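A.B. asks: Residues per chain are reported as follows:
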Amino acid sequence: MKNKIEISDLRVHYGDKSALNGISFDVHPNEILGIIGPAQSGKTTLLKVINRTLEFTPEATVQGSVKLDGVAIDTIGDVYELRRRIGMVLPLPVGLPLSIYDNVAFAPRTAGLRAKSELDEIVERCLQQAALWDEVKDRLDTLGTKLSGGQQQRLTIARALSHQPEILCLDEFSIAIDPVTTMRIEEVLKTLQKEMTILLVTNLVQQAKRLATRTAFFLNGDLIEIDATDVIFSDNPSNQATYDYVNGTFG
Amino acid sequence: MNAMTTRAERKQKVVLQSIAFIILGVAFIFLWHTLKNARAPSGQPASEAILRSALPSLFNNLYSVLSISLLAILFGIAFAFYLEEWLPVTNWIRRLIESLVAILTGIPSLAYGILAILIFFSYADTLKEAVEAFPFPENIGTIPAQIETTVFYAEALTFILMVMPLTIKTTQEALRSVATPIREAAYALGASQWQVLTRHVVPIAFIRMLAGGCRAMSRAFATAALLIGIYTGYYTTDAGGMSGRFLLFLGVALVLSVFSSSLTEVYDSDLA
Numbered sequence: 001m002k003n004k005i006e007i008s009d010l011r012v013h014y015g016d017k018s019a020l021n022g023i024s025f026d027v028h029p030n031e032i033l034g035i036i037g038p039a040q041s042g043k044t045t046l047l048k049v050i051n052r053t054l055e056f057t058p059e060a061t062v063q064g065s066v067k068l069d070g071v072a073i074d075t076i077g078d079v080y081e082l083r084r085r086i087g088m089v090l091p092l093p094v095g096l097p098l099s100i101y102d103n104v105a106f107a108p109r110t111a112g113l114r115a116k117s118e119l120d121e122i123v124e125r126c127l128q129q130a131a132l133w134d135e136v137k138d139r140l141d142t143l144g145t146k147l148s149g150g151q152q153q154r155l156t157i158a159r160a161l162s163h164q165p166e167i168l169c170l171d172e173f174s175i176a177i178d179p180v181t182t183m184r185i186e187e188v189l190k191t192l193q194k195e196m197t198i199l200l201v202t203n204l205v206q207q208a209k210r211l212a213t214r215t216a217f218f219l220n221g222d223l224i225e226i227d228a229t230d231v232i233f234s235d236n237p238s239n240q241a242t243y244d245y246v247n248g249t250f251g
Numbered sequence: 001m002n003a004m005t006t007r008a009e010r011k012q013k014v015v016l017q018s019i020a021f022i023i024l025g026v027a028f029i030f031l032w033h034t035l036k037n038a039r040a041p042s043g044q045p046a047s048e049a050i051l052r053s054a055l056p057s058l059f060n061n062l063y064s065v066l067s068i069s070l071l072a073i074l075f076g077i078a079f080a081f082y083l084e085e086w087l088p089v090t091n092w093i094r095r096l097i098e099s100l101v102a103i104l105t106g107i108p109s110l111a112y113g114i115l116a117i118l119i120f121f122s123y124a125d126t127l128k129e130a131v132e133a134f135p136f137p138e139n140i141g142t143i144p145a146q147i148e149t150t151v152f153y154a155e156a157l158t159f160i161l162m163v164m165p166l167t168i169k170t171t172q173e174a175l176r177s178v179a180t181p182i183r184e185a186a187y188a189l190g191a192s193q194w195q196v197l198t199r200h201v202v203p204i205a206f207i208r209m210l211a212g213g214c215r216a217m218s219r220a221f222a223t224a225a226l227l228i229g230i231y232t233g234y235y236t237t238d239a240g241g242m243s244g245r246f247l248l249f250l251g252v253a254l255v256l257s258v259f260s261s262s263l264t265e266v267y268d269s270d271l272a
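Residue numbers (the working numbering), protein chains in the order written: chain A, 1 to 251; chain B, 1 to 272.
One chain only, chain B, in its complex shape (with noise of 0.2 angstroms):
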């Protein structure tokens, strides 16, 4: 941090961050398996029966869009801690990812949708091939089936891009929040950066990033929820399976976004 930093102190700093790094990886890895095997069981390409009822799609599955988000704000929320609590301000690293997530999570979630569609849907037969080219074994678990693997590779990838800035601004926000003073009375007594963060901050802080998290989730299925609309009308005439599935898809998101302006509400009331 400054001239007052002794060896003893780099060196934990060093351990500390390649525990953040190993747990990035390993939620990067985590991440990877899941997308990789999401494809149908039988390995067949999906039958017309399928395109028209099933495939319609990937959000037939809650499952589907709920593991994945659930996935970016983990990932999200160590990469916050990372960037907030471990790197300076000054950091050129830093201040890349906090422009790009400025940049990202300004974008309206329907933008999103229009995204999802134009480009990664173009390219999903070439993202797909990439995804099985790299190296993992196989068959470590299947996620949902009738899928259509392609659409759900593009989808999973506008998820990403999409929860994972947010639930980083939420997470620093949340983490930001949290006094000045109160770090600096934990670390005058004695407590060491780990104590500070386990006992302190992330108690304080925690009502807040659930709620950021919850926020980011609320997005996905908005999102969700309107690719839904768009692919259903696109590939069936059969309205009604499209509207339940819309209608779910929108109500879970408006749910999450209620639940999470009430926990901000009931953090502000109870702290201030």
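Looking at chain A on its own, in the form it has when it is part of the complex (with noise of 0.2 angstroms):
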């Protein structure tokens, strides 16, 4: 089986602070890799050297390689290319100050897609698929802004979607989602399994053992364990330390 991603030794530092550690990992295609570990574990800062979004920060650097499809990503000449390739949800809900529509319509128009019709279909498809679509089915053009936080959240899950990336990172996506509708968004995430690979970074260690296919713990940039799931959530994974945090008996 080819690897959708494969990471080696990578390792991040912020000015003089170390955020990542020299990890290394492979990320299988079509699965959903649950990223677990308390703060400061580098969990975000991994997504954003894979979305190349990093280089905003000026005082990170970055060393080892990240392949994408066997590609290095920092080869890749399009960086837009590349990001329209991974879906991003951030942790914090950033609705742009566009209309709701204008918001999930912005990726595939970046993209060059200017067709009335095909961007509807899109919209559409992609505010069902985050189980927003009834809610603001009425008022596509009101501001994403005005919504509520967890309809805000859901919004940046939909524009996620809205260039059908081959790879969907999702950063604590449902810290401000109301535990239905975050079912409604799990199911949907299972179902595009089929079509995608799925990080998700998750405070929730339960939301990671429902979901995920296989999960990985990170503690203070530090890889300790990436296994299958059920074994992370066994009584005897390989490292104690997985076993204290998926139990809560942490520290």
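Residues of chain B placed beyond 12 angstroms of chain A at every Cβ, according to the derived structure: (1) L74; (2) I103; (3) L104; (4) I160; (5) L161; (6) E173.
Capping the alpha-carbon separation at 20 angstroms, the derived lysine to aspartate or glutamate pairs in EDC-like fashion look like this: (7) K169(B) x E98(B); (8) K11(B) x E81(A); (9) K194(A) x D26(A); (10) K169(B) x E265(B); (11) K11(B) x D74(A); (12) K137(A) x E121(A); (13) K146(A) x E265(B); (14) K209(A) x D227(A); (15) K11(B) x D78(A); (16) K137(A) x D102(A); (17) K67(A) x E81(A); (18) K190(A) x E31(A); (19) K11(B) x E55(A); (20) K2(A) x D69(A); (21) K190(A) x D230(A).
No lab work stands behind these hints: they were computed from the structure. All values derive from a computational prediction rather than experimental measurement. Backbone N, C-alpha and C define an ideal beta-carbon position, used for all residues, glycine too.
With the hints as a guide, dock the two chains, each given alone in a separate frame, to form the complex.
C.D. replies: The following block contains the structure:
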């Protein structure tokens, strides 16, 4: 089986501070990889490296290699093309100050899509996948920033799906979303898994247990353990810290 | 930006930078023309009568103050974009200019008026010669008749020195007010730097930029009013003409300043 993402000896520093100390692992195609770990363990940094938005942090330096479909991402000439292959949902919902429709249609438009009918179709499909369509279908032209926190969060999910990414990175997507809606989105993620690879960063270890094919445990910039979710959540993962963390007896 | 910048990106950056430079160049040449052609059409030195009535002065024309400040504002905005969006924070040119700007915006406008009188007006003839020595084709356009050329140059320089730093500073602040997450979110969706600037950053920052421009303009008018006061007092005994223009300029300054603060408030209440 060919790996979707291959990460080897990835090191990231913010100035003198180390955020990732030489981690290596592979992501298989069409899997949901749960990434768990306490704050400051480098989960978000990892996602930023993958879609190369870490480049906007001037003091960050990146060493090591990240390969997407066997191609090192820092040799990809068209970084915008790379980012369009990756859908990213950030922990704080950032509604772009555009209408709901334009928020979702933004990425297809930057990729050059103009036909109204196609855009309509994409907007409806993505909003439905993000479980937001029923709430906003009558007011698609209102500002995205006027939605509630949870709705904005779902809007960012719809936006991330709008350019049909190969990889979907979800960073704490359910932080502002009620449990019922979260369940609906989780169902959607399970179906999306057939089309794309999903990296799920989450603080809710139960969410990783429910969804993830495999789970990786990060701690202070180190990858402690990566294994099938069943193993990580079993009574005997290979590392004691993992057991302590998933069972809430950490520290 | 860092080790992960590719060649294609650098190439694009060079192109964008060249465009920014061309815009700056064109703005500068335009400004230079305006200055160079600002003279009485007859080419005759101003008569005693003009000195007494119209000279005091250049400011009898709203147009001259308006055009010069507008050009300085456009130039300042272009410059602020270049500094903020393309030069890294650590770049020494950026640091130098930002410190200059910080110094210049801290000077009260009254001090600029005195600066204009003491320094620029004393060397106005030298300035005039320097501008006229510059090899530009003649008569591209003429700016207001009955303007005493040398004084006009001096005043124009003062305005530029006063308006540009303020515009640079307010524009930079407006650009910084666009939250990084918005930029990152747009970039994460595959937008290019140009698309992020034109579709997100400028629309969000526009009102603040406009408010900053109005503030700078208001400052220019206030100083102009001040100088009119001083100059008419100096050249003429006819106080009636003076006070009319003086009040007009002061009024414009006030309106612009109020407009500027109301814009900022609209912005804050709309997007807060």
